[in-house]
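K.L.:
Taken in order, these protein sequences are the chains called A, B, C, D, E and F. With the first sequence counted from 1, adding 558 to any position gets you the working numbering. With the second sequence counted from 1, adding 558 to any position gets you the working numbering. With the third sequence counted from 1, adding 558 to any position gets you the working numbering. With the fourth sequence counted from 1, adding 558 to any position gets you the working numbering. With the fifth sequence counted from 1, adding 558 to any position gets you the working numbering. With the sixth sequence counted from 1, adding 558 to any position gets you the working numbering.
Honestly, the hints are just simulated from the structure, not real lab data. No experiment lies behind these values; they were computed from the predicted model shown. There could be a bad hint or two in this list.
[Said to hold, decoys possible] The list that follows gives simulated cross-link-like pairs (lysine to aspartate or glutamate, DMTMM-like), each with its CA atoms no further than 25 Å apart:
#1 K605/D x D589/A
#2 K605/A x D684/B
#3 K568/C x E656/F
#4 K612/E x D579/E
#5 K651/E x E688/F
#6 K605/C x E656/E
#7 K568/E x E656/D
#8 K582/D x E609/C
#9 K651/E x D684/F
6 protein chains.
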Amino acid sequence: MTTPPPVEYKDASPQVRAVYDDIKASRNVPDVNNFWKYLARDPATLKRTWESVKQIMAPGALDPLTKEMIYLAVSVTNGCAYCIASHTAAARKAGMSEAMFGEVMAVTGMANETNRLANGYRVPIDPAFET
Amino acid sequence: MTTPPPVEYKDASPQVRAVYDDIKASRNVPDVNNFWKYLARDPATLKRTWESVKQIMAPGALDPLTKEMIYLAVSVTNGCAYCIASHTAAARKAGMSEAMFGEVMAVTGMANETNRLANGYRVPIDPAFET
Amino acid sequence: MTTPPPVEYKDASPQVRAVYDDIKASRNVPDVNNFWKYLARDPATLKRTWESVKQIMAPGALDPLTKEMIYLAVSVTNGCAYCIASHTAAARKAGMSEAMFGEVMAVTGMANETNRLANGYRVPIDPAFET
Amino acid sequence: MTTPPPVEYKDASPQVRAVYDDIKASRNVPDVNNFWKYLARDPATLKRTWESVKQIMAPGALDPLTKEMIYLAVSVTNGCAYCIASHTAAARKAGMSEAMFGEVMAVTGMANETNRLANGYRVPIDPAFET
Amino acid sequence: MTTPPPVEYKDASPQVRAVYDDIKASRNVPDVNNFWKYLARDPATLKRTWESVKQIMAPGALDPLTKEMIYLAVSVTNGCAYCIASHTAAARKAGMSEAMFGEVMAVTGMANETNRLANGYRVPIDPAFET
Amino acid sequence: MTTPPPVEYKDASPQVRAVYDDIKASRNVPDVNNFWKYLARDPATLKRTWESVKQIMAPGALDPLTKEMIYLAVSVTNGCAYCIASHTAAARKAGMSEAMFGEVMAVTGMANETNRLANGYRVPIDPAFET
């Protein structure tokens with residue numbers, strides 16, 4: 559059995575097309591990214607994932623740029639090459655400057671370092687942080 | 559051999575006290591957190607880590623609150639209990655509201671999910687993300 | 559010093575050939591995968607790893623397909639590209655359908671998300687789970 | 559500012575109560591776990607997470623026990639103490655025997671080991687796995 | 559169903575006792591650690607894990623202290639509290655001084671930081687590293 | 559906006575050149591690796607990272623080879639392809655033999671396995687490890 563190919567718009571079912579149409583309209587883009595074309599192998603996952611992403615990444619108490627930078631920091635921590643590429647692009651589109659990018663990387667790197675120092679030195683939680 | 563205890567100010571060497579004094583002055587706090595008292599077992603690591611944290615977390619292209627929320631998202635991704643507690647407290651002190659906290663968690667959770675979907679579906683990077 | 563090349567059967571020592579022969583017989587395949595050819599740089603690791611894998615992946619309380627899907631879910635979580643490719647192939651060979659693949663991915667993604675929500679909200683373990 | 563407490567049913571808003579009621583009915587339990595009581599600090603996240611979990615963990619191409627064991631394997635890989643405790647309990651309730659538990663652990667441990675061997679030996683993907 | 563308790567020597571089967579006896583003799587200790595008592599719930603995993611650990615941690619091209627420090631660095635990276643505690647103790651017993659401990663932590667922290675900087679800046683591998 | 563290219567020596571600012579010169583002199587190499595050329599997009603991160611790496615990797619209580627092997631073990635655990643390639647090369651240059659490499663991989667693999675077994679069996683820390 560070979561792996562099913564990613565689903566292009568012209569080959570998509572009406573259910574998948576409806577999700578693609580919503581992504582394209584919401585993001586004002588002419589086509590969806592590979593991520594969605596691969597997820598479309600499982601239409602239920604495609605639909606659920608898009609609806610969750612759409613809800614979570616909408617402007618709220620945090621602006622879209624801040625959300626994209628947090629997404630990028632997590633993706634860098636996990637080492638997901640696709641996600642680093644796509645969310646770097648998305649963060650830039652949302653306004654991340656080169657200087658902001660440098661600071662996201664610096665904070666992400668530092669957090670990964672101090673997370674391990676706290677683990678290794680077995681630091682107990684300060685009572686002040688418990689409330 | 560027993561583990562050396564954390565270093566309290568009254569027992570600290572002049573080199574360690576100088577770092578503690580700078581932390582207390584920079585953050586306007588009466589005492590340093592456990593993290594620093596445990597790192598002080600190795601004064602070189604204490605000094606280097608504090609100087610890096612101080613430089614990285616200073617206001618720059620990103621404001622301190624945004625930096626603290628990124629720090630928190632990374633710590634949650636790595637599952638570092640101490641770091642989650644301390645950076646939740648720090649982010650709140652910097653102005654993170656309950657609604658912002660909820661959104662940081664939502665984005666962090668979603669990124670961890672989609673990072674794995676991208677891995678598992680083996681999604682190739684879109685050419686548009688390569689530049 | 560250059561990296562030693564992977565070990566092909568024709569160039570292998572008798573000790574390495576014995577492991578390759580057992581892999582080929584156990585799995586009914588004409589040649590071993592790259593994983594084993596690279597591990598063969600260290601014959602002790604090759605032998606120990608194969609014997610452990612053979613024991614663990616044999617039918618037991620769980621059937622081989624279930625074991626392969628668990629292996630895949632872990633590999634996706636860790637982002638190991640080689641392991642995702644090889645265990646997707648192995649799971650399919652053991653009977654994983656496209657629908658099953660989609661559900662393994664969905665569960666793996668969801669678990670990675672809720673693991674972080676549990677971390678970030680610092681949820682204490684329910685007493686009912688302690689026994 | 560102190561952390562908001564987990565939300566008990568008697569103190570919950572109608573929106574949160576509706577989710578709790580659905581969890582209790584779907585799982586036939588008298589009360590929801592701490593996970594949901596903590597997520598309820600953010601009703602949108604509570605609702606979205608429950609709906610996704612409910613959809614993903616329903617019987618499909620995979621039975622609920624297999625899904626719970628995959629969830630457990632991911633949680634063990636990530637080291638999420640809460641999730642390990644809750645999904646061990648859930649898997650048992652779904653029928654995981656002690657022997658099955660032992661095999662889930664063995665496969666999870668082995669996958670984590672061979673994932674790193676594949677990383678460290680820098681094993682290239684076999685052409686046969688690419689299709 | 560309640561979780562089976564850890565297996566004490568007096569309650570152990572002959573198969574489990576044989577492993578415990580070998581651990582006690584190899585390490586010259588009066589009793590085995592909790593790790594082994596919990597693994598003993600699955601005698602096959604107990605035996606296989608001990609035999610692998612015994613083989614891998616024996617003196618070879620690397621001395622036992624170096625191996626224990628590598629074990630500790632990995633455990634700190636993964637945030638496994640039990641493993642950090644037990645391998646810190648083991649490394650000390652093998653001769654790790656307080657200064658060595660500080661350097662293991664510093665290298666581990668730094669590696670975790672630069673791993674993420676390499677991810678985030680998407681650094682391509684230098685041709686010189688490919689051979 | 560396109561991604562800024564890596565910074566070659568001939569195009570570097572005096573501040574970046576000073577770091578490159580120090581790397582080349584300290585390591586006795588004719589050019590710096592890609593890692594530094596990419597970090598140079600953010601001169602402050604370049605300088606801080608190099609100074610930390612230089613301080614941490616200098617001979618101390620541990621020799622440089624031991625430090626490089628620990629660095630490699632962490633990079634393998636995190637699955638950072640660039641870091642695995644560069645620190646394998648660095649460890650070899652510092653004297654890591656093929657047999658030593660095999661043992662670093664074996665210990666790293668085993669630690670990743672037993673870390674998960676300790677997580678999954680929920681092993682409590684032995685009182686003897688607490689001091």
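K.L.:
With reference to the structure, classify each hint as holding or not holding.
P.N.:
Cross-check of the supplied hints:
| no. | hint | in the structure |
| --- | --- | --- |
| 1 | K605/D x D589/A | violated, 30 Å |
| 2 | K605/A x D684/B | holds, 21 Å |
| 3 | K568/C x E656/F | holds, 21 Å |
| 4 | K612/E x D579/E | holds, 13 Å |
| 5 | K651/E x E688/F | holds, 14 Å |
| 6 | K605/C x E656/E | violated, 37 Å |
| 7 | K568/E x E656/D | holds, 21 Å |
| 8 | K582/D x E609/C | violated, 45 Å |
| 9 | K651/E x D684/F | holds, 15 Å |
Consistency note: the structure conflicts with the earlier hints numbered 1, 6, 8.
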